[in-house]
Structure formats: structure tokens, C-alpha cells
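Place chain S on chain Z using the hints.
Note that the protein sequences, when read in sequence, are chains Z and S. Numbering (our numbering) for the first sequence: 39 to 397. Numbering (our numbering) for the second sequence: 321 to 581.
Covered, in the sense of this in silico footprint (three residues per stretch, anywhere, with C-beta under 8 Å from a C-beta of chain S), are these stretches of chain Z:
{"#": "1", "region": "124 to 136"}
{"#": "2", "region": "149 to 159"}
{"#": "3", "region": "162 to 168"}
{"#": "4", "region": "177 to 191"}
{"#": "5", "region": "212 to 223"}
Covered stretches of chain Z, going by a simulated chain S footprint (3 or more residues, C-beta under 8 Å):
{"#": "6", "region": "110 to 119"}
{"#": "7", "region": "229 to 237"}
Partner residues aside, some chain Z positions facing chain S, computed with beta carbon under 8 Å:
{"#": "8", "residue": "Thr141"}
{"#": "9", "residue": "Glu143"}
{"#": "10", "residue": "Glu146"}
{"#": "11", "residue": "Leu172"}
{"#": "12", "residue": "Ser196"}
{"#": "13", "residue": "Ala198"}
{"#": "14", "residue": "Gln206"}
{"#": "15", "residue": "Tyr245"}
{"#": "16", "residue": "Phe257"}
{"#": "17", "residue": "Tyr261"}
{"#": "18", "residue": "Phe393"}
{"#": "19", "residue": "Leu395"}
Quick caveat, the hints were computed from the structure, so don't treat them as lab data. C-beta: ideal position from N, C-alpha, C; glycine also.
The residues making up each chain are set out below.
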Amino acid sequence: MEAIKSFINTISYPQFSFTLSVVLFVAALKTKKLWTRTGGWIMLVLVTLFFAVGSLDENFRSVVAKPDNVPIVMMIYLAGFFWWLSMYKAIKNDEATESGAPTFEKSESEDKVFTWPDLVFSELICMVVLTAGLVVWSILLKAPLEEPANLSVAPNPSKAPWYFLGLQEMLVYFDPWMAGVVLPGLIVVGLMAIPYIDTNPKGNGYYTFKERKTEIVLFLFGYLVLWVQMIVIGTFLRGPNWNLFGPFEFWDINKVVPLVNVDLSEIIWIKMLGVGLPSHWLLRESFGILLLIGYFIVLPVAMAKMKYFKRFYDQMGSARYYTGVLLFLTMMLLPIKMFARWMFNLKYIVHIQEFFLNI
Amino acid sequence: MQQLKDLQKAIVKSQIWKSIFRVGIPTDNRKRALAMLGNVVLHLHPIKVKKSGLRMSYTWCMGGTAFFLFLVETITGLLLMFYYRPTVEYAYFDMVDLREVAAFGIMRELHRWAAHAMVIAVWLHMFRVFMTGSYKPPREFNWNVGVILLVLTLLLSFTGYLLPWDQLAVWAITVGSNMARATPLIGAEGPGAAFLTLGGQKLIHIGSDARFGLIAGRTIGGGTLIRFYVLHCLGIPFVAACLMAVHFWRVRRDGGISGPV
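Just chain Z, with the same shape it has in the complex (with noise of 0.2 Å):
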């Protein structure tokens, strides 16, 4: 059992475990027999024998059970079950029309009912069901009341309330003003620019993978790859001093990590070319500089000539394509961040300190 824990500990630094959950990710949705519904309670037996077993563990059970942090619980089953559901009807749905058949949808849309009865009175058994769960939920947890604000007491971990938590779980690998303002304003636009981008007239109205993989694979992506995993992280795993913790581990406030985190221009000008750091700002962030020219600039244009991007470039035009081309991007550029950290303990591509400005 100890060894189990301390494997999993172990795994759970996010070097091991992001690097995981994407490769999980492309594989359960390749994997056509998870989304049955064997596939279904397979998972949900699997997901919950950990945190049964897991709740015998003290550390464990401490955060978990934290008031607050019960509702990230109860968001990892909603988050998996609605993933299964909504796979589980799209293969039905795209099955069905590869035989020629009409979608789930299709055959009952045709159908009219009355809202009275059974629109009205489903909302009701809805809403009864909610305010019966409510209730329960307020009379058996208690909502969290600690000692009275303190300004010069800092508690550590001082964390954001949950929903934010995968923007301060950002923070170890961007700067404030990207992982704080600059990033989450551009989830907000990129989800508004969403229905402006795409242009695939199928799969409206109705479940389907197989003919909007690419949209549905980068929105799942981004929804539970990078937002929801980075809140578990940043609310399960994170302890005193912002150190990781595996989940099974005691959160050690003298817990020392070593800091060997350098930036892209120490790599290039100390390592490799054995010279010191230039003086002014603009030489010694050449190398950055051009990076992230090349990385937003030189391969998007590059990509629409590409065989596999160009027909998206064709189908959506050069606007379109672009916007969607430098959202995507600029997603890609955390768990690019985050693998450069890992492997070259990379700290900033670009360190601008006399103006603040560092990615």
C-alpha cells in the first residue's frame, strides 16, 4: 500500500502527470470502447475506488474533504460523466448515419409536444430535486468560517477561490500579467470568437465526433486538459509555498525545492556561447524576441502552407484562419511553457525586468 501511495505521489508531479493526462487524452478518444457503457462504469468504478481508498489516507482525506473543496469532487465526476455522455451519443449518432440512418435527434425533432405537461413538470421534478440536494448538502457540511481576517497573518497556501485556481496554478510558469490578465482575457475572447471561427455546417443541433473532430478535440482540450486539470492541481496538490504535494503526502511547510529555473538568454549567452550577459535589453532578448516572432508571426504563415492546415486555410478564409491560428497558439504556449520548464528548467523565453515585460 505505501509503495502504491508513494508511486503515486510520485506521478502526480505534473511532469509526470500532464504529460500523462495528454496522452490519456488522445487515447480515450481513440479508444471507441470507453465510450460504451461498459466503458462508462468501468471509469466511474475505477475513479471512485480512488477516492475511497484514497479517503483512508489522512493527508489525502484532509484536502479532499475540505468544505470548499468538495465541489471540485463533485466537478471531476460532472466533468467525466457529461465527457462520457456526450462521446457515448455522438459515436451512436455517427454510427447511425454511417448506415445511412438518421441521428438520435433527427427522428424525435420532427415530433412536437406540449410544454404543459411534460416540459413544465420535468422542470419541476428538477427543481425539486435540486432544492432537496441543497438542503442536504447545507445541513450535513458546513460552510467554512475561519478566524477573523488578518492582514499581517499570511496563511500558506494563500489560494484564489477555486474556479481561479488553474489561473494561480499558471502563475508558476508566467508571469502576473499573462497567467493573471493577458491569458484568461484571451479564454474569454477566443470562447467568443468561437462560433465566428468555425465554419463547419455539421454537427448542429445534434451529437457528433466524426464530423467536427478537430473543433470538439481542441475544445476538450483546452475545457479539460488544460482548465480543469490545472484547478485540480492547483487545489489538490498544491501546498505550503506553493510546493507540490502528491495527494498522499503530508504538506511539510519546510519542504525545500531547490530554484534552477534560468531564462532563455543565460542558456544562449552563458551556456552556450560562454560570453556574459550583453548590457542593453534588446540585445541580450534577441534570441527570445525572435523566438516568439517566429512563433506567432513566421508559423502561422507557414502552417497555412502546410498540406494537413491548408485546407482550413481554404475552407475559412485568410481572417478567419489567422484569429483561429494565434488563439490556438497562444493556448499552445502553456503546456509548451510548462514542457520547456520541465525540460531545460526553462524560467522566461523573454526577461525584459526594466519594463516589467517577461514571458
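Okay, now just chain S, sitting in the frame of chain Z:
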């Protein structure tokens, strides 16, 4: 039993009852339609809906859940406002009283858990709308209204997080609002802010930047509390309610619940 039935009959047939519920319990299709048209709450719905749009496995009931939780928040929040005073002196102790003294001492719990549930419900609603492609024409604009409502939901929850005025509250808001310090151009430590000078004087400093505007001071304090309280109880709910009206209206105008065309 018979007497009860007679009583029910007497009530339903009385002038008072009839003046309120014109149609009564619908028994035929004409009355089913009239029941929906004659009631201000029910008329949010069309008279008939697609059978596919009725399925819980299609809608996940998450949009309705989010709206219902908003109503729960409104009601429990209103009751909490009777007790809670948004000042540094009283806020925390009103929380203690709400727990220890007030009748129906689960209002704060209901309010907090429904708030967390609402955040999750709104995310899942977005998830469903994406997976069914329901943002596609003609529903692009309504998706955008929805995204704004999602942001407002987070802001509602965030502003409410400060109100208990305990360690959890102030430090969560401290961590959150510190981000504003790094806003490009208008945050004291944001990129580009150093360039904004007038006659050698810095325009953006910790006493004038985005964070200062957000928390009404250099640190979290009484000013922040009242600011967040007003935003939480009045400002954001008002904007959200207006946008919800637009959201629901557009669901109807864009052809009702989505379905294959």
C-alpha cells in the same frame, strides 16, 4: 375525503381563484396552449417543444439548473442581507451570528453551496452547448451572451467570497486582486505602465492603478468590502439579470432549443 374534494372544487371555482388562474388545470390542447400564454413565468416557453429538446440526455438540464441556482442565490442572498452588515467591525461577527443564532441557520450554507454549484452548472451548460454545436448559426450571438454570463457568474462568486471577512476570504481576494497589479499599461507593475508619465511624474502607481480601482485602496480593507458588497448584491446581479433576459429571449427567437435542421 369527499369533503376535501368538495373543498377543492369550491376553491377552484371561486371568483378569487379564477381571477388568478384563468385557465385552470389544462385538460385539452387548447387549454394547454392557453396555460402557457396566460402565465408570465410559463410564457418564457413556447407552447410546443421538439421532443428531442425535452430529453435530459440532450440538454443535461444545465442551463435551467444554472438559472434555478441564480434564483436560489437571489432568495437566500436577500435573507442574508437582513443580518449582514458590510463593515470591518461587524461583517465577521454577523457571520458567526448567522451560524449560531439566526433561525434556519443553513441560509449561508445554501448560499455558498448553490454558488459553487452554479459555477459548475454554467461550465457544464457551455460544455453541452459546445458538444451539440448549438453555437452555430443562427445562435452565434447568444453564445456570446452566454460567455459574458459565465464571466459574470465568476465575478459574482468572486465578489461574494470576500464578504465573510475571515482569513479565507481576505487572502483569496488578496491573491486574486494582486493580478490586477500586473495589468499591461494600467497596473503599477504591468508591462508598459512605466512609460505613462506626465512631466516626469508617473501616472500609474499603486495609488492609481487598476488594482487600486478594484479594491478601493492600497490594501484590502473597509473600502473593498463595501465595494464588493454593492457589486455582489446589486451591480452584477442587475447586469446578469438583464443579460439573462436577452439570453432567454434569443433562445426563443433563434428557433428554440437547438436541434438538427
